[in-house]
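Counting in UniProt numbering, the sequence shown runs from 1 upward without gaps.
Check the hints yourself; a few may be wrong.
[Claimed, not checked] Straight-line C-alpha distance at most 20 Å; calculated SDA-like pairs for lysine to any residue: (1) 551 <-> 451; (2) 51 <-> 34; (3) 77 <-> 34; (4) 358 <-> 271; (5) 227 <-> 250; (6) 77 <-> 245; (7) 536 <-> 564; (8) 333 <-> 294; (9) 315 <-> 284; (10) 401 <-> 548; (11) 333 <-> 305; (12) 358 <-> 245; (13) 205 <-> 173; (14) 51 <-> 28.
[Claimed, not checked] Per label pair, the in silico range of CB-to-CB distance: (15) 545 <-> 514: 45 to 51 Å; (16) 538 <-> 363: 39 to 45 Å; (17) 353 <-> 497: 41 to 47 Å; (18) 157 <-> 353: 37 to 43 Å; (19) 379 <-> 209: 46 to 52 Å; (20) 214 <-> 175: 22 to 28 Å; (21) 360 <-> 204: 33 to 39 Å; (22) 564 <-> 17: 50 to 56 Å; (23) 58 <-> 4: 48 to 54 Å; (24) 469 <-> 562: 38 to 44 Å.
What the hints contain is simulated information worked out from the structure, not anything from laboratory work. All C-beta atoms in this analysis are idealised placements derived from N, C-alpha and C, irrespective of residue type, glycine included.
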Amino acid sequence: MNTIRLTAAQAMVRWLSVQMTEDGERFIEGIWAIFGHGNVAGIGEALHGAKDTFPTWRGHNEQTMAHAAIAYAKAQKRRRAMAVTTSIGPGALNVVTAAGVAFANRLPLLIIPGDVFANRAPDPVLQQLEDFNDGTISANDCFRPVSRYFDRISRPEHLLTALPRAFRVMTDPADCGPVCLAFCQDVQAEAFDYPESFFTPKVWKIRRPEADADELAEAITAIQSAKSPVIVAGGGVIYSGAEAALAAFATAHNIPVVETQAGKSSLDFDHALNFGPVGVTGAASANTVCENADLVIGLGTRFQDFTTGSWSLFKNPNRRILSINVAAYDSYKHGALNLTSDAKIALQALGRALGSQKWPAIPGLQADWAAATAAVKAAPTTNALPTDMQVIGAVQRRALKSTVVMSAAGTMPGELHKIWDAPSGGYHMEYGFSCMGYEIAGAMGIKMARPDADVICMLGDGSYMMANSELATAVMMGVAFTVVITDNRGYGCINRLQKGTGGAGFNNLLDQSYHVNPSHIDFTAHAAAMGAHAVKVTTIAELEDALTAAKGAKIPQVIVIDTDPWPGTEAGGTWWDVGVPAVSTRTEVNDARAHYEQKLKLQRLVN
1 MNTIRLTAAQ AMVRWLSVQM TEDGERFIEG IWAIFGHGNV AGIGEALHGA
51 KDTFPTWRGH NEQTMAHAAI AYAKAQKRRR AMAVTTSIGP GALNVVTAAG
101 VAFANRLPLL IIPGDVFANR APDPVLQQLE DFNDGTISAN DCFRPVSRYF
151 DRISRPEHLL TALPRAFRVM TDPADCGPVC LAFCQDVQAE AFDYPESFFT
201 PKVWKIRRPE ADADELAEAI TAIQSAKSPV IVAGGGVIYS GAEAALAAFA
251 TAHNIPVVET QAGKSSLDFD HALNFGPVGV TGAASANTVC ENADLVIGLG
301 TRFQDFTTGS WSLFKNPNRR ILSINVAAYD SYKHGALNLT SDAKIALQAL
351 GRALGSQKWP AIPGLQADWA AATAAVKAAP TTNALPTDMQ VIGAVQRRAL
401 KSTVVMSAAG TMPGELHKIW DAPSGGYHME YGFSCMGYEI AGAMGIKMAR
451 PDADVICMLG DGSYMMANSE LATAVMMGVA FTVVITDNRG YGCINRLQKG
501 TGGAGFNNLL DQSYHVNPSH IDFTAHAAAM GAHAVKVTTI AELEDALTAA
551 KGAKIPQVIV IDTDPWPGTE AGGTWWDVGV PAVSTRTEVN DARAHYEQKL
601 KLQRLVN
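Build the full structure now, drawing on both the sequences and the hints.
Next comes the structure, spelled out in structure tokens:
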């Protein structure tokens, strides 16, 4: 057997560089790295040796580097991914939040944190956590609950099995998620005679599991006998590449489609069968269709509480749920009739069985919703402080066919889900974990995945303050996108939830938080200091002009506008289960609790 002598870190980098997709591209496009104690000598030197063939990018925060990698994978529909390497202590722990994002959203992410010495000779080393009762524990064990696969590389030859296992997980449609390979720092530098065959290029194919024949037969019978079926399209439609199959299936059988946050843009917004967003942040058109349906067909959705209105939207005990999902865990939820299958394969099989069967049209609902959204997005006719919905309207009017709007937390996800008109592939929302601080790094990751897209990142001042440092990275790397910051001087969305559940305005808006000096943050100057082109606008008209000027720029463009923290889109939506205190001295809370207890009676309980 021919061998090649390499350090373990060199072997890892060489192996990663030859793992390919079916399209002939590397599955791991490159690696984000902040070097420190535990990865600079071993992994850092190995990456330097491969810098011309396997790119390394330097970020400013480990969490946001991973956010960029996650957004890249999402924009690539899980067909390609990125890696992240960190030092052994704080740097590693900074990535745990991002691992949660990838875990919740079922996205591939390769995390390679440095780890303590496998030989334990210099213990305790810098940044090492010492467990008094378990000598095998390190900071990296925090990744276990947020990793689909976790391994500790404590011998060079561990790579021979750990790396293929990691890729098996990241390329599996059901198990897909983050992988953590904690790499002991002394082992990174150790030499080993690796088989040359280990570095033979390999093509990783994404499986398309077909449905069990009996499950498929039951699903066909359920649909054929339904009087008013509806399809709830989730992110699995997009990851399967089933957008065209969904459009063809819905059209052929005249079945209405509603979209989750993850599934929005799986169908063009103006498709005749697209009844809009569903759930808490949904359209009246979509929620009405779901309330009246006798069969809800979940297609690639995990039935998050925002989708189901905490299961109040599907409360009718006579309504059946058919869940089509590549993950059996999801297809069995809430007593659903399960069809464990790839979305595209399932639609094709169901379409063949249904033949020419069609259901009656549902008139009026879409037009009514279009009128409602047009009203809230319309340009203001007064000099009042603009609303977030009016800001969205301005961005919509200046959007291109190539525009991808993205966000993650706060006001924007709810309003964008409700009122943004998304063409196929034009919507990117991290709402599985709703992680504040994902947005700017995520926009950079999307642009790296889709260089020709017009990427527009929309976020509030609260999310901007959570994590903005990768704006400087994007400037340095020449990755251009547009950032629209709506400054409502605090956490406007959660403040509305606080008030809506009877709470007092407290600790959300900056003026209602403890302070000695009033807060005044100059976001324009801050963004400009990191090298972005930044402007402050005061009107919707000025915002539209700035959006037009931002098109085609070579560096990130930041536009700041003050908005009113109170209004939201009143039309549409449904109830959401947020626990209200059962005991309070405040009348507002007691009234909210009484209302809450009435709503609890409407929930669909687990069968």
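Evaluated hints:
no.: 1; hint: 551 <-> 451; verdict: holds (13 Å)
no.: 2; hint: 51 <-> 34; verdict: holds (15 Å)
no.: 3; hint: 77 <-> 34; verdict: violated (26 Å)
no.: 4; hint: 358 <-> 271; verdict: holds (17 Å)
no.: 5; hint: 227 <-> 250; verdict: holds (15 Å)
no.: 6; hint: 77 <-> 245; verdict: holds (16 Å)
no.: 7; hint: 536 <-> 564; verdict: holds (16 Å)
no.: 8; hint: 333 <-> 294; verdict: holds (17 Å)
no.: 9; hint: 315 <-> 284; verdict: holds (17 Å)
no.: 10; hint: 401 <-> 548; verdict: holds (14 Å)
no.: 11; hint: 333 <-> 305; verdict: holds (12 Å)
no.: 12; hint: 358 <-> 245; verdict: holds (16 Å)
no.: 13; hint: 205 <-> 173; verdict: holds (10 Å)
no.: 14; hint: 51 <-> 28; verdict: holds (14 Å)
no.: 15; hint: 545 <-> 514: 45 to 51 Å; verdict: violated (39 Å)
no.: 16; hint: 538 <-> 363: 39 to 45 Å; verdict: holds (43 Å)
no.: 17; hint: 353 <-> 497: 41 to 47 Å; verdict: holds (44 Å)
no.: 18; hint: 157 <-> 353: 37 to 43 Å; verdict: violated (50 Å)
no.: 19; hint: 379 <-> 209: 46 to 52 Å; verdict: holds (49 Å)
no.: 20; hint: 214 <-> 175: 22 to 28 Å; verdict: holds (24 Å)
no.: 21; hint: 360 <-> 204: 33 to 39 Å; verdict: violated (45 Å)
no.: 22; hint: 564 <-> 17: 50 to 56 Å; verdict: holds (51 Å)
no.: 23; hint: 58 <-> 4: 48 to 54 Å; verdict: violated (29 Å)
no.: 24; hint: 469 <-> 562: 38 to 44 Å; verdict: violated (24 Å)
The structure does not agree with the numbered hints 3, 15, 18, 21, 23, 24 stated previously, though it agrees with the rest.
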